[in-house]
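Student: Following the working numbering, the numbering of the sequence shown begins with 1 at its first residue and continues without gaps.
Hints listed in this document are in silico derivations from the structure and should not be mistaken for laboratory results.
Since the structure is predicted, the reported quantities are computational estimates derived from the model, not experimental observations.
There are no misleading hints in this set.
Taking lysine-lysine and the BS3-like style, the derived pairs with C-alpha atoms no more than 25 Å apart in a straight line are:
id, residue 1, residue 2
1, K132, K155
2, K337, K395
3, K155, K203
4, K366, K295
5, K155, K198
Restraint ranges, calculated between C-beta atoms of paired labels, are given here:
id, residue 1, residue 2, range
6, D311, E71, 44 to 52 Å
7, G135, N318, 54 to 62 Å
8, G319, G146, 30 to 38 Å
9, R255, Q322, 25 to 33 Å
10, S171, K337, 37 to 45 Å
11, E71, Y246, 33 to 41 Å
12, I396, Q322, 23 to 31 Å
13, N318, D368, 28 to 36 Å
14, N172, T215, 37 to 45 Å
15, Q322, R133, 57 to 65 Å
All C-beta atoms, glycine included, are put in the ideal place defined by N, C-alpha and C.
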Amino acid sequence: MKIHLVILLVLSIYATPTLAKPARPFILKLVRHKAEKNSKLYITKESDATISHLTPNREPPVFLAKLSIGEPPVPQLLHVDTGSSFTWIKCGGCITCQTQFPGYNPTASSTYSSVSCDDSSYESSPAFSPVKRTGECHYRQMYFDGSESRGTLAKETILFDTEDDGIESVSNVEFGCAHEIIVGFNVGTGLLGLAYGKFSILKQFSNKFSLCFETFSDDPSSGHSFLALGDGARTTGQSTSLFMRYGHYHVDLERISIDGRTINIPNQLTPIGNTIIDTGTSMLNLAEESYSDFKTHIDSLLDRHLNSFMDGHLVCYNGTIQHELPQLPTVTLTFYKGASLELDPTSLFHQLEDEYFCLSVMMSPKIDLSIIGTNALQSYNIGFDLDNETIYFDKISCDYLD
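Make the full structure from the sequences, and use the hints.
Tutor: Written out as structure tokens, the structure reads:
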């Protein structure tokens, strides 16, 4: 029997081959929070169906999925991240973890169990190491910006709200029980990894999922953003080839246009899969040469009306997006086979403070690799079909899933 789940973005759990599959649709409402300037998600880092509500915010947003873990259940808010396949939750006793939720204490849960590194699944992974004294399996997950999550591998029961306002549980879900956080992750209680990999939860959902992001200027409490897993995923619209490498989703970006003026992608860029789609990143990060050309074009358009200044790594302008809207450009990202993303001013800029707004585009930490974050994906449904190595871009209203 096929499973139909409906869940909110930003989960952080691992699936095992013996994972008990749910029987009813799940719906988790996403909560939108501001991303901290020094957080991983503000800068960047490294036939079943499920649908989830998402929620954006004023600054480049962090999308969090609501669920509960353990028995008795403890509520959680988890980041949704297509740039990582590892899922983890902040556990009790973590002195470096900041959270507004009551801490999850594994010793107080009757359904918690630790996982041994003896399992062959973990022997070859450098992120895991056995602890001989306790028999536990420790993990260390590192990200591009220097942030880390460290803890113990475990199994637990995860509880979701269902489409009919009920509660459905999934048992024996593998996840990382975090005891130490190094830099960032100040919002939420963990991370849901949606990248494809050895430990990915996607293997339980037909290797197919879709993300629909509302316009971030909408009311943050509206909840019209969704994650759909498995056969319920929406794979419609323009398509391009999807490459899965080193736990990331790559596409070929061929052209960038600013109000019709074209920026060519430099030849030294990775010839195949030169761009990553990563919802764990808020900004659009362009490879060095592309960013330099991009910024020159933007400045030539805006400096006639506005003076730019730097706020950290951000290029900012005095004023408000709403007031300057008629002067702000539209950008088109064109991919192999002609699929494209159209970025209107709300995708290109964000109101950082009441008196000034900033460009939601930064130079990539990788000299020859661009990264597309959530800001550039708003107002789109993004469909991932891993088996057919295809990604879909469909500019629609996410209300269709509500």
